[in-house]
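Residue numbers (the numbering used here), protein chains in the order written: chain A, 220 to 545; chain B, 220 to 545.
None of these hints come from the bench; they were simulated from the model. Careful, some of the hints might be misleading.
Straight-line distance between alpha carbons at most 25 Å, and here's what the computed SDA-like set of lysine to any residue pairs gives [said to hold, decoys possible]:
hint, chain 1, residue 1, chain 2, residue 2
1, A, Lys355, A, Glu375
2, A, Lys355, B, Asn270
3, B, Lys482, B, Val472
4, B, Lys355, A, Asn270
5, B, Lys355, A, Trp272
6, B, Lys355, A, Gln268
7, A, Lys482, A, Asp312
Note that the coordinates shown come from a computational prediction; the quantities given were computed from them, not determined experimentally.
Number of protein chains: 2
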Amino acid sequence: MTAPLIDNLQYANFSPAIFEQMRAGGVDAVHVTIAYHESFREMVLNLEQWNRWFERYPDLIFRGLTGEDVVRAQATERTAIFFGFQTPNPIGDDIGLVEICHQLGVRFMQLSYNNQSLLATGCYEDEDPGLTRMGKQVVAEMNRVGMVIDMSHSAERSTREAIDLSARPIAITHANPHWWHAALRNKSDAVLRALTDRGGMLGFSLYPHHLAGGSACTLDDFCQMVAQAADRYGARHLGLGSDLCQDQPDSVVEWMRVGRWSKVIDYGEGSAAQAGFPPMPEWFRDNRDFGTVRAGLLDAALSVADVDGIMGGNWHRFYAESFGPA
Amino acid sequence: MTAPLIDNLQYANFSPAIFEQMRAGGVDAVHVTIAYHESFREMVLNLEQWNRWFERYPDLIFRGLTGEDVVRAQATERTAIFFGFQTPNPIGDDIGLVEICHQLGVRFMQLSYNNQSLLATGCYEDEDPGLTRMGKQVVAEMNRVGMVIDMSHSAERSTREAIDLSARPIAITHANPHWWHAALRNKSDAVLRALTDRGGMLGFSLYPHHLAGGSACTLDDFCQMVAQAADRYGARHLGLGSDLCQDQPDSVVEWMRVGRWSKVIDYGEGSAAQAGFPPMPEWFRDNRDFGTVRAGLLDAALSVADVDGIMGGNWHRFYAESFGPA
Numbered sequence: 220m221t222a223p224l225i226d227n228l229q230y231a232n233f234s235p236a237i238f239e240q241m242r243a244g245g246v247d248a249v250h251v252t253i254a255y256h257e258s259f260r261e262m263v264l265n266l267e268q269w270n271r272w273f274e275r276y277p278d279l280i281f282r283g284l285t286g287e288d289v290v291r292a293q294a295t296e297r298t299a300i301f302f303g304f305q306t307p308n309p310i311g312d313d314i315g316l317v318e319i320c321h322q323l324g325v326r327f328m329q330l331s332y333n334n335q336s337l338l339a340t341g342c343y344e345d346e347d348p349g350l351t352r353m354g355k356q357v358v359a360e361m362n363r364v365g366m367v368i369d370m371s372h373s374a375e376r377s378t379r380e381a382i383d384l385s386a387r388p389i390a391i392t393h394a395n396p397h398w399w400h401a402a403l404r405n406k407s408d409a410v411l412r413a414l415t416d417r418g419g420m421l422g423f424s425l426y427p428h429h430l431a432g433g434s435a436c437t438l439d440d441f442c443q444m445v446a447q448a449a450d451r452y453g454a455r456h457l458g459l460g461s462d463l464c465q466d467q468p469d470s471v472v473e474w475m476r477v478g479r480w481s482k483v484i485d486y487g488e489g490s491a492a493q494a495g496f497p498p499m500p501e502w503f504r505d506n507r508d509f510g511t512v513r514a515g516l517l518d519a520a521l522s523v524a525d526v527d528g529i530m531g532g533n534w535h536r537f538y539a540e541s542f543g544p545a
Numbered sequence: 220m221t222a223p224l225i226d227n228l229q230y231a232n233f234s235p236a237i238f239e240q241m242r243a244g245g246v247d248a249v250h251v252t253i254a255y256h257e258s259f260r261e262m263v264l265n266l267e268q269w270n271r272w273f274e275r276y277p278d279l280i281f282r283g284l285t286g287e288d289v290v291r292a293q294a295t296e297r298t299a300i301f302f303g304f305q306t307p308n309p310i311g312d313d314i315g316l317v318e319i320c321h322q323l324g325v326r327f328m329q330l331s332y333n334n335q336s337l338l339a340t341g342c343y344e345d346e347d348p349g350l351t352r353m354g355k356q357v358v359a360e361m362n363r364v365g366m367v368i369d370m371s372h373s374a375e376r377s378t379r380e381a382i383d384l385s386a387r388p389i390a391i392t393h394a395n396p397h398w399w400h401a402a403l404r405n406k407s408d409a410v411l412r413a414l415t416d417r418g419g420m421l422g423f424s425l426y427p428h429h430l431a432g433g434s435a436c437t438l439d440d441f442c443q444m445v446a447q448a449a450d451r452y453g454a455r456h457l458g459l460g461s462d463l464c465q466d467q468p469d470s471v472v473e474w475m476r477v478g479r480w481s482k483v484i485d486y487g488e489g490s491a492a493q494a495g496f497p498p499m500p501e502w503f504r505d506n507r508d509f510g511t512v513r514a515g516l517l518d519a520a521l522s523v524a525d526v527d528g529i530m531g532g533n534w535h536r537f538y539a540e541s542f543g544p545a
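Excised from the complex, chain A in its bound form (with noise of 0.2 Å):
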């Protein structure tokens, strides 16, 4: 069995056409946000539409539940759908929920999106106080019942405390390095190495706003920061979450940015002049170029089997040791 491809991060309006697409890549896992604000019934009703995906596009796509189930994707020409939440909303303040949405299929969630939450820090605040009293029950709660626990979207106070608080590894499913391009979202070498040495993951976003040079950025100097990163952090910790937003319309950057928290418009990482969705980069548009991503990294000078652990071995390691009870 060769390495298997595994997208950690994808929100995109999903459709049999989507499905197509990513059996046309070869993807073997993706990772696929359920639910930004939604309520604990909303993120349900989320559930019951990608059931009935399953149950109607059998030969494409089958719910993810262990990383088993990658070798299984591999073996029958599927893609396995592993579920997370960039909001933990749908727990609202039910820490009983965290073992409920794991038997739903729930394999990540993040403590906070943009905003505070319940349990941390979100990136766009002003203070971070750090992990609240409820933060720290949760992470023991999803570090016992095996949900990973991802910052991608928290400030960095609050980040690290929940490095240093976790008794397994955590995730940034989709960021690049501060050192690269500063933006708010984008994370310090002091977290990524922080990250990294208790056994973390950072998968890497092609989203534009995350990359030096936005839209226009190049596959050769998005690899040639991959291959810098493997320097700092070691090959192993690093992989994919591209944040494909593909054919979402503009009123969904919206939902995210905004949910039902605010009546004025917060732009998050756009602006008024560039409120939408931006350009993907011409190299990556969908699930089929990540054979492109993957031939970039090579010319990066990067080895073969740090690419194949980049492009999804790393993941799927992860998955394995990650997704089962403490």
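Fit chain B to the supplied structure of chain A, relying on the hints for placement.
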């Protein structure tokens, strides 16, 4: 491995003390009611309570999902707990919740309790128009995912239609033959023949309102009835569904009967003079008394093989055939 011991319906006020009694009685599996009139979210709170018990008492109980879990319970000397609903209220008018609930471990659902539901008619209604439009769709969906249709509290026509429409055998988890004790809740010979002709299962109730003579019913009388039912329907379609409501305050029987659907009291099978839970027969007080029932069945001249089946082997076979996808 000896034949398993399975009680296919309890709604006790569960506690570590009762879990210890299950072990003392050698009970390998119990189908427990986790919802009557609860909304989806309220039902999930009940699941959370069970998750906490599973976490705290892993040496006594675990969540049962498959027929194989009964064997695992025997091998590890624990009790597998299988979940069921006594009304379809937790799914409301959302058919997608059938699969969600199955993913959460729910393995039985009554299409109605005593009243008309969105799916079928309860045995206390004056009119029984049969399965509703949604009811027919839900039967097919339950068949697809592997959730057992339970018609214990449903009215005659609805029950017949569920038996006929279901592509897989259904269950009456807790009731007795009407020819033995003419309670509204007990089942006609025609229903029981149709049920068992299609491979369905009847669980004999030990709830006094379902027993000839009520709380004073003798073990011998009960066991003679079972032997007659075995002659009529075949022993392999018979099991136990004790309806044990141990340690429950009388406020709970009022909740079971009235929920939130009425502002005036409805006594259900009881009466103003006997409004609370009736006392159990002296030969079946709790999970430690199944040996007494077994001895009574052997005294009623049932064969050892038939008694093994009725005490749990038949439910085990039914579980193995019913809980997976169609």
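| Looking back at the numbered hints, which does the structure fail to meet, lowest number first? | Those not satisfied: there are none.
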